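Let's have the full structure, built from the sequences with the hints guiding it.
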Amino acid sequence: MFRKVLIANRGEIAVRIIRGCRELGIKAVAIYSEADGESLHVRAADEAVCVGPASSSQSYLNIDAIIAAANSVNAEAIHPGYGFLAENADFARAVSAAGLTFIGPSAEAMDLMGSKTSARRVAVESGVPIVPGTVDALSSFAEARDTAEEFGYPVMLKAAAGGGGKGMRLVTSSDELRSAFETAQTEAAAAFGDSALYLEKAVERPRHIEIQIFGDSHGNVVHLGERECSIQRRHQKVIEECPSPINDPDLRRRMGDAAVKIGQTVNYTGAGTVEFLLSDATHEFYFLEMNTRLQVEHPVTELVTGFDLVREQFRVAAGEALSFTQDDVRWVGHAIECRIYAEDPANNFFPSPGTITYLREPSGPGIRIDSGVASRSEVSIHYDPMIAKLAVWGRTREEAIERLRRALDEYHVSGITTTLSFFREVARDAEFVEGKLDTGFIARFNERRTVEDPPEEHVDLAMIAAAIHHSRNQQPVFLQTGSVSASDGRWKMAGRADGLRRWRKS
Amino acid sequence: MKLKAIIEDREQELNVRIDGGRVHAEVGGRVYDLELREPEPGCYLFLRNAAVHECRVSESHEAIDVSLHERNYAVTIVDPKRLRVGSDAHGHQHGLAEITAPMPGKVVRVQIETGATVEKGSGIVVVEAMKMQNEMKSPRKGVVVSINVKPGDTVNAGDVLAVVE
Numbered sequence: 001m002f003r004k005v006l007i008a009n010r011g012e013i014a015v016r017i018i019r020g021c022r023e024l025g026i027k028a029v030a031i032y033s034e035a036d037g038e039s040l041h042v043r044a045a046d047e048a049v050c051v052g053p054a055s056s057s058q059s060y061l062n063i064d065a066i067i068a069a070a071n072s073v074n075a076e077a078i079h080p081g082y083g084f085l086a087e088n089a090d091f092a093r094a095v096s097a098a099g100l101t102f103i104g105p106s107a108e109a110m111d112l113m114g115s116k117t118s119a120r121r122v123a124v125e126s127g128v129p130i131v132p133g134t135v136d137a138l139s140s141f142a143e144a145r146d147t148a149e150e151f152g153y154p155v156m157l158k159a160a161a162g163g164g165g166k167g168m169r170l171v172t173s174s175d176e177l178r179s180a181f182e183t184a185q186t187e188a189a190a191a192f193g194d195s196a197l198y199l200e201k202a203v204e205r206p207r208h209i210e211i212q213i214f215g216d217s218h219g220n221v222v223h224l225g226e227r228e229c230s231i232q233r234r235h236q237k238v239i240e241e242c243p244s245p246i247n248d249p250d251l252r253r254r255m256g257d258a259a260v261k262i263g264q265t266v267n268y269t270g271a272g273t274v275e276f277l278l279s280d281a282t283h284e285f286y287f288l289e290m291n292t293r294l295q296v297e298h299p300v301t302e303l304v305t306g307f308d309l310v311r312e313q314f315r316v317a318a319g320e321a322l323s324f325t326q327d328d329v330r331w332v333g334h335a336i337e338c339r340i341y342a343e344d345p346a347n348n349f350f351p352s353p354g355t356i357t358y359l360r361e362p363s364g365p366g367i368r369i370d371s372g373v374a375s376r377s378e379v380s381i382h383y384d385p386m387i388a389k390l391a392v393w394g395r396t397r398e399e400a401i402e403r404l405r406r407a408l409d410e411y412h413v414s415g416i417t418t419t420l421s422f423f424r425e426v427a428r429d430a431e432f433v434e435g436k437l438d439t440g441f442i443a444r445f446n447e448r449r450t451v452e453d454p455p456e457e458h459v460d461l462a463m464i465a466a467a468i469h470h471s472r473n474q475q476p477v478f479l480q481t482g483s484v485s486a487s488d489g490r491w492k493m494a495g496r497a498d499g500l501r502r503w504r505k506s
Numbered sequence: 507m508k509l510k511a512i513i514e515d516r517e518q519e520l521n522v523r524i525d526g527g528r529v530h531a532e533v534g535g536r537v538y539d540l541e542l543r544e545p546e547p548g549c550y551l552f553l554r555n556a557a558v559h560e561c562r563v564s565e566s567h568e569a570i571d572v573s574l575h576e577r578n579y580a581v582t583i584v585d586p587k588r589l590r591v592g593s594d595a596h597g598h599q600h601g602l603a604e605i606t607a608p609m610p611g612k613v614v615r616v617q618i619e620t621g622a623t624v625e626k627g628s629g630i631v632v633v634e635a636m637k638m639q640n641e642m643k644s645p646r647k648g649v650v651v652s653i654n655v656k657p658g659d660t661v662n663a664g665d666v667l668a669v670v671e
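For the protein sequence lines, the chains are A and B, in the order given.
Residue numbering for the first sequence follows the numbering used here, starting at 1 and increasing by one per position.
Residue numbering for the second sequence follows the numbering used here, starting at 507 and increasing by one per position.
I should point out that these hints are in silico values taken from the structure, not numbers from a laboratory.
Treat the hints with caution; some may be incorrect.
[Unchecked claim] Between beta-carbon pairs, the in silico distance windows are:
#1 Arg516(B) - Val73(A): 55 to 61 Å
#2 Arg253(A) - Glu560(B): 46 to 52 Å
#3 Glu517(B) - Thr450(A): 23 to 29 Å
#4 Ala189(A) - Thr620(B): 27 to 33 Å
#5 Arg254(A) - Arg516(B): 56 to 62 Å
#6 Tyr153(A) - Ala663(B): 50 to 56 Å
#7 Thr660(B) - Gly219(A): 16 to 22 Å
#8 Lys626(B) - Phe445(A): 20 to 26 Å
#9 Ala97(A) - Ala663(B): 42 to 48 Å
#10 Arg516(B) - His283(A): 29 to 35 Å
#11 Ala663(B) - Glu176(A): 27 to 33 Å
[To be verified] Subject to a maximum C-alpha distance of 30 Å in a straight line, what follows is the list of computed DSSO-like cross-link-like pairs (lysine-lysine):
#12 Lys626(B) - Lys612(B)
#13 Lys27(A) - Lys4(A)
#14 Lys261(A) - Lys201(A)
#15 Lys510(B) - Lys201(A)
#16 Lys201(A) - Lys643(B)
#17 Lys643(B) - Lys626(B)
[Said to hold, decoys possible] Counterexamples of contact, computed for chain A against chain B with all Cβ distances above 10 Å:
#18 Leu100
#19 Glu143
#20 Thr186
#21 Asp250
#22 Leu309
#23 Phe350
#24 Pro351
#25 Asn446
#26 Glu456
#27 Glu457
#28 Ala462
#29 Ala465
It should be emphasised that the depicted structure is a prediction, and the values quoted were computed from it without experimental measurement.
Cβ coordinates follow ideal geometry from the N, Cα and C atoms, glycine included.
Okay, structure coming up:
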């Protein structure tokens, strides 16, 4: 096993990997940008090395600086986490060239699965169905327009090098195509340094279900079942669960086999995730893409299977065989994860950076928090706005949802706006409770959601608390009209309208 | 102390007297007799007939944010003794809608010209922040009377990007 590992990441995933190191007696080395010197992942590490200025292109994406950092502290291996360089085959090659171990799949497997176009070819070779779409990157807008006409709208534009919803656009009609094409190209170029796009027919009312796979260098490839990730905004997951509410053993076996076949085709080692679109009507599934890294939502799989995926990653990277076989994998109970973002759900999930003035995280039965922040942490504009993940486990989906509601109510974050209020509503939403999920969930939820008036007593007490606080800090507070600004989303307006109605009644 | 509290565009008269560990308050004619505890700064714990109400209070630039029973309230407190009420410098002119930047970022594209007629929801300006491109849309149907930014401009939260009449 390794003696010392450098974690080429920040935030909650760096903290998660440091925890894995600690359990295995591995010294953990953090890297940080100049903006992150006081971050939680630095405080949690044994050693920490600054790799550059705040901008991630000069720090967390700076391959030379990261390898120099690993060499300066005599680390033996580098764990990339997710995002940043995790799926960059050139980074994996540079790590190997420096005589270090890259904790992840081979650069060849990353090359094959990293580009969506070549990944689709691998799927076809493996006998796994794919969604109709272009196999090669689009050469021009004209080609995009012609292909879209051929498939029929709606179509999906995607960054060939992409992931995480960046450079991805759903286009429902031809007059939206040009703007979407240009925006997706710019975003893809900014996020991945590659503006190449491809185009797919969009599957209607699709469920996004993915299979966790794991391979080792001894020829074993196993799967750890599915994760349902249908609740998304801007094509980024916000709630994930395991098992899927529509799971049955046959579907899991068929999807698991398909994912394992893809893993075998590319001699996959380490943790990987094969994403599928599943038609809610027919339960037919199509290969979407493969993520050649640990996923954000890996905790739900860990909670239900009991395996520690980071621990297995270290084992496999050190050349050992997986600690379990396919027959050892059992799924017990139900787990749900919410990604807590510093975003304003009342304003189209726009990022809300700032300083966390107060933080209280839930705990108790069945609760797991993977957090990258502490009280007084600064949520910077430089990085992804996800601050933590809340995962809950229950014997049944119903019990998991009850725990989720309780945990969300226990969770307090002050100073920044977070998606907690959104999750509190979703956890009480009838369609969510029934497991009626597809990628259009949030759009429909926003249509049907209603804001309940708070009890008059609570409004009064809030005002009394504000008045007491005001008297404690005698600073002039100026009158400000609360007119609805142009950027306000429907939610806030609905909330304000309800407030008005409430007051008029009284 | 006699104050005015504003939540959701509505004003409410408020009379609060703190007496040791107790608070006597009158809000719009409703009387509250509360036990007050302050376990830590920014936390006001009220006990009312044994019912527990924990208020977390933090100050933002425009209001006092109170979190109570999983809800957030933005409360503006006006002290009549300290302020000439009615001097509302921020009043919006009737008929104008400002499209403002909700956070710091960079203007990527301006999608429309001054004088153009727009529908409600038409994209006006695309701003990139935290690696996401966000299309700022017109909140109403009307005519674009000004565009205050160009591609490449850096904007701060609250900056007016464009005005629609």
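Taking the hints in turn, this is what the structure says about them:
1. Arg516(B) - Val73(A): 55 to 61 Å: This hint holds: roughly 59 Å between Cβ atoms.
2. Arg253(A) - Glu560(B): 46 to 52 Å: Hint holds: Cβ distance 49 Å, inside 46 to 52 Å.
3. Glu517(B) - Thr450(A): 23 to 29 Å: holds (26 Å)
4. Ala189(A) - Thr620(B): 27 to 33 Å: For Thr620(B) against Ala189(A), whose Cβ atoms are near 29 Å apart, the range 27 to 33 Å holds.
5. Arg254(A) - Arg516(B): 56 to 62 Å: holds (57 Å)
6. Tyr153(A) - Ala663(B): 50 to 56 Å: violated (36 Å)
7. Thr660(B) - Gly219(A): 16 to 22 Å: violated (53 Å)
8. Lys626(B) - Phe445(A): 20 to 26 Å: At 22 Å between Cβs, range holds.
9. Ala97(A) - Ala663(B): 42 to 48 Å: holds (44 Å)
10. Arg516(B) - His283(A): 29 to 35 Å: violated (51 Å)
11. Ala663(B) - Glu176(A): 27 to 33 Å: Holds - the Cβ-Cβ distance for Ala663(B) and Glu176(A), about 29 Å, lies within 27 to 33 Å.
12. Lys626(B) - Lys612(B): Roughly 23 Å separates the two Cα atoms, so the pair holds.
13. Lys27(A) - Lys4(A): Distance of about 4 Å is within 30 Å: holds.
14. Lys261(A) - Lys201(A): Holds, at roughly 24 Å.
15. Lys510(B) - Lys201(A): violated (57 Å)
16. Lys201(A) - Lys643(B): Distance ~27 Å between Lys201(A) and Lys643(B) Cα, so the pair holds.
17. Lys643(B) - Lys626(B): holds (8 Å)
18. Leu100: With a cut-off of 10 Å, Leu100(A) remains clear of chain B, as the shortest Cβ separation is near 28 Å.
19. Glu143: Non-interface label stands for Glu143(A): nearest chain B Cβ at 22 Å, farther than 10 Å.
20. Thr186: violated (6 Å)
21. Asp250: Given that every Cβ of chain B is farther than 10 Å from that of Asp250(A), nearest at about 39 Å, it holds.
22. Leu309: holds (26 Å)
23. Phe350: The assertion about Phe350(A) is violated, with a minimum of 5 Å to chain B.
24. Pro351: Not fine: 4 Å to the nearest Cβ puts Pro351(A) too close to chain B.
25. Asn446: holds (14 Å)
26. Glu456: violated (8 Å)
27. Glu457: violated (8 Å)
28. Ala462: violated (4 Å)
29. Ala465: violated (4 Å)
In summary, the structure is inconsistent with hints 6, 7, 10, 15, 20, 23, 24, 26, 27, 28 and 29 from the numbered list given earlier, while agreeing with the others.
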